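Q: Order-wise, the sequence lines are chains A and V. All residue numbers in the first sequence are consecutive under this note's numbering, ending with 783. All residue numbers in the second sequence are consecutive under this note's numbering, ending with 783.
No lab work stands behind these hints, which were simulated from the structure alone.
One copy or two, it doesn't matter: identical chains are merged, so the pair holds either way.
Below, a list of computed lysine-lysine pairs in the BS3-like style, where the Cα atoms sit at most 25 Å apart: (1) K429 with K459; (2) K555 with K664; (3) K411 with K542; (4) K411 with K548.
Every value quoted in this text rests on a predicted model; they were computed, and no experiment measured them.
Number of protein chains: 2
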Amino acid sequence: MKTLILTLLALNLTSSYADEGMWLMNDFPSSKVEKRYGTKIDQKWLDHARLSSVRLAQGCSGSFISPQGLIMTNHHCAHECIEQLSTSGKDFVAQGFQAKTLEDEVKCPELEINQLVKITDVTETMNRATQGLTGKPYSDALKATTAKTEKECATNSETFRCDVVTLFNGGKYNLYEYKRYQDVRLVFAPEFAAAFFGGDPDNFNFPRYDIDLSLIRVYENGAPLKSENYFKWSKSGAKPGEPTFVTGHPGRTARLLTMAQLETRRDLTLMSVIALYSELRGVLTEFSNRGAEQKRIANDHLFGIENSLKAIKGKFQALSDKTFFESKRRDENVLIQKIKSNPKWNKEYGSAWSEIEKAEKEYRNIFTALTWLENNHDFDTKLFGIAKNLVRAAAEFEKPNEQRLKEYTESKIPELKQSLLSTAPIYDELEIAMLTFYFTKFRENLKADHPLVKKIFAKKSPRDLAKSLVNDTELKKIDVREALFKGGLKAIRESKDPFIQFALSMDADSRAIRKKYEDEIESVTKKNAEKIAKARFLALGTDTYPDATFTLRISYGSVEGYKENGKKINPVTTLAGAFERHTGYEPFALPASWLENKSKLNLSTPFNFATSNDIIGGNSGSPVVNSAGEIVGLVFDGNIQSLGGDYGFDPTVNRAVAVHSEGMLEALDKIYGAKRIVNEIK
Amino acid sequence: MKTLILTLLALNLTSSYADEGMWLMNDFPSSKVEKRYGTKIDQKWLDHARLSSVRLAQGCSGSFISPQGLIMTNHHCAHECIEQLSTSGKDFVAQGFQAKTLEDEVKCPELEINQLVKITDVTETMNRATQGLTGKPYSDALKATTAKTEKECATNSETFRCDVVTLFNGGKYNLYEYKRYQDVRLVFAPEFAAAFFGGDPDNFNFPRYDIDLSLIRVYENGAPLKSENYFKWSKSGAKPGEPTFVTGHPGRTARLLTMAQLETRRDLTLMSVIALYSELRGVLTEFSNRGAEQKRIANDHLFGIENSLKAIKGKFQALSDKTFFESKRRDENVLIQKIKSNPKWNKEYGSAWSEIEKAEKEYRNIFTALTWLENNHDFDTKLFGIAKNLVRAAAEFEKPNEQRLKEYTESKIPELKQSLLSTAPIYDELEIAMLTFYFTKFRENLKADHPLVKKIFAKKSPRDLAKSLVNDTELKKIDVREALFKGGLKAIRESKDPFIQFALSMDADSRAIRKKYEDEIESVTKKNAEKIAKARFLALGTDTYPDATFTLRISYGSVEGYKENGKKINPVTTLAGAFERHTGYEPFALPASWLENKSKLNLSTPFNFATSNDIIGGNSGSPVVNSAGEIVGLVFDGNIQSLGGDYGFDPTVNRAVAVHSEGMLEALDKIYGAKRIVNEIK
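All chains should be modelled from the sequences, with the hints used to inform the complete structure.
A: This is the structure:
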């Protein structure tokens, strides 16, 4: 606690000197960076970096590192794939994976790679469509124009993907055009014990000693993609003080939210998720204790929950810091006063904050219903997700593209199909455990007297219901899913599958609360956030960056340590440190490959390092490149102080944590004997 | 959320008309109550009520209801005993318990009953001892005088217990003298399914349909106690609108805390407990899913955790309500201004608030260390608790009484012996699960680099350590514990028992952080809270009640409904309602005894009811009596709106929830055929 509180105080005092910002690829503060670091970053550099960077659609970043479509990302970004390719007999998570030849590379059932090939400003189109509208009509127009614009852009949605991206909470709209790749194969992954050495106790901490690396390859028409743009590997890696650039896809930040919105998080939503995930963590931990196979199949879920939980606790701590919170309030008041002092601005934008505050009150009232009837709808299970998507898709596909729920518009169909027809294994025991948990929470949160709860649990306990759904459904068979998907509404209505019927029984209530939220709350929030964004441009200028939106950004910084509890933290660790931290007991147990090959290693090789780049969840797998645009590292974490980054960046202690390029090469070469890969990279 | 937020707004506007207050038995607002309800409550009435009321030392309330020492309390207050008396073959929790004859009544291994026989004001003694002192000397003097006063009072601590009670956070000190009874036997308990019908989903809700009743009997010299003071059973029970009085032992309230202290709760401590208990809840839930026996042995723990968790979430919600929180701040500012406006008062008391604020800052800094090194020290397990107590007692008993840690002073020895030499079963599997959980949290919270963490986990994972401690210890044998207890420091030092050695290895760090807390933080907080209490008496008068301290209080109110989401809630339910709510699936499954005997019941008999009495955790098991001092009910819960009662009482919706006297009799008679008991009560 102490550190976080102390450091956040410094926030607003120093931000003008900070390496702050998740900048747009087409709006980078080159002159500011040149002044600070003496490095010229021109648009050609940026365009090359853009095309060399990729997004893992399921929630991570990565980069091309060879002309044959080889992509570097984190182990934890490919973790789900590695688990899906494993069986009880062959556990690639525990043992690692290495394709000795091209033919040994195996397809990941659910990975999708996006490469950003074009950015178009569509602010005017969007503004024109919504001009003069508020409430539901505003929201409908926004959705329809988004769907239309995306469809017109991606004429072939199998290979292209187009997203209308809302920047500055609506201050700008850009159309992002991506190449879409769904044939992605696993090339290399170290053992989980080495990738996530230190486990949850060390997560979000520094110093670190992790090789959180996986290599995957994009295929096109059955052959490795010829990737013209890729980052070359640096000959020496990054040294302390050297400028570093991180391209990647930060997921979400909330630095531009109003105080009313931040208060809702602090007072309601964060606590609710902390309680939920903590309990689920307990369930999954004890589930894993049942045996080795249960541990294997729950590993990815448990890792994800623990990682999210730690991040969310960090957010809560940041918002619970009184001094920090009040500094945000002062900033907001400054902006409001500027707007109020100009009658024209005031007339146009003055009411935006109070409108959002009113909408937030309404949001608090429906929060529980919205969460449990709609937002947690797939209950973190494969089967419920499939059932819901089949039921919803059938109904949505009957509608014109512009009127569909946004996840069923034409441009979203390839991802939908990928997940519905995935060959990934489904584990009954885990599905039952997850459903039992979520059903119980469903009842707890909506209360026993809610009509839907009464209906669902009138004849079965949560656990009995979970068991019968999982045991009796046919949705585990891909051909059954395919038939239902192709069969449309008629097939769904005629289906006797208990899971389809269950999903149908929830759908009306689920849609109703979502509609209420979108029409009455989200529409107000979006409209007024757009107003605030415009007001901010007018009052404070446009020399800034938008909140993160899981779209490509670039941040600048340098290899830099920091102080914690008065102690100086060195920015670079070495391979030797990993062996010093090894106790032989999970999660501080290096795998056999490391222990056996220790003598071959140059133990003074840099292993992990910290930089002052401004990153957040979603940046996992981002390349760290030097001024020459060469790979010097691989972002895999932030330190504990970076967790407040959701709401503000503190340059004195907020650090990105990366695997060093030299450490990766040394391990690939000497520990894993991955000559083929090393040669390809070099 | 909605309800809680709305209702708390009303708080300060109406409190002067409220049935608010957990009043002292020797300072009851009789004239106010007479004015409001036309009921004369004189000191004789109060003295009889005091002697008829009892405390369950482990954390509940109860009352004598016959001249043969029969005590009425909640099922959930005797739950642990019922579980301890059960075996895998004979599960009294699931099946219920009834002693058909006196000889069938079975001793509870860990129950202690306290009857408050005398109250003496020792404010002057305490004030004299601490006069002019601050910091550690103040705190030492307070502790020494407490230990001395208690020892002098309880010359025979086996049968008498004396506690110095701090009232108004130090505004007054009273010496409470109790008769102490440790021979307490189980007489009757219904099935858990009936006692806790509706389970966690219905907990803290109303309407309710629970027979949360157990009957126990105090024995003296091997025979039933002749209890001269007891509550008679009402002939008709309470009707809507009728005045009701609740005597009992509310555990803790925080209505007099300063804003700095409340902020620490809102920002830090409550969330920390919510996360911990949520995760433990998940662990225990999944542990219970392993099988029937695991479910049985974890039941009491899980129930306790779920109950606490719901209560703590309610507290967090109350403190997160901005309007409520700011109203508390206004109240504090009014008091501070009054003190500041009087130079003499200001000199004496003016700095108290800022002194506490400074201490709170320091408290936040050591919160994690204090929690994990000392406060969670027994990790909710039997074995670690025993090991710790043996290790500590041996060291403390070497010191003079006045210098001991407070839980090892002479007056506390009987409880200590009771728990150390308890015959209650210890379940290895549950102990291992709990220790694994807490060891993991211990490492997570103190971090992997903490020297003690490094030392403890250098050679074992949390789970391996838990297993080896539990499997290898001899502390499961009562004679081993007794020998170590009697053997003192020498025996402890020579012990090879791994759990004793483990407890020893933690003791130095554990004592150090506690010492830091007591000497540098608690001493400041206590001293200044005492000042604020005196300032409050001067500025606002003494016509008030102190925060709850798990000592006997009386509250007044009436049988009264309330409004929730605009809907009127009737204050009384009937037996018919239980059958209507029955689905046959846990936790909405009435036991066979109810279903089989349904036809014998008068279904319109009142079952549960709500009253406006001001209660809180610790009041569980409290009798509800009418103006004539007759039993009309048994408090077992509060509604969800009562959870904010920790910080303030809202008369419009804060309700105590009780089992109706008529419902209890009807069930005892017609369902359980408990003629012997019914005759004794009647």
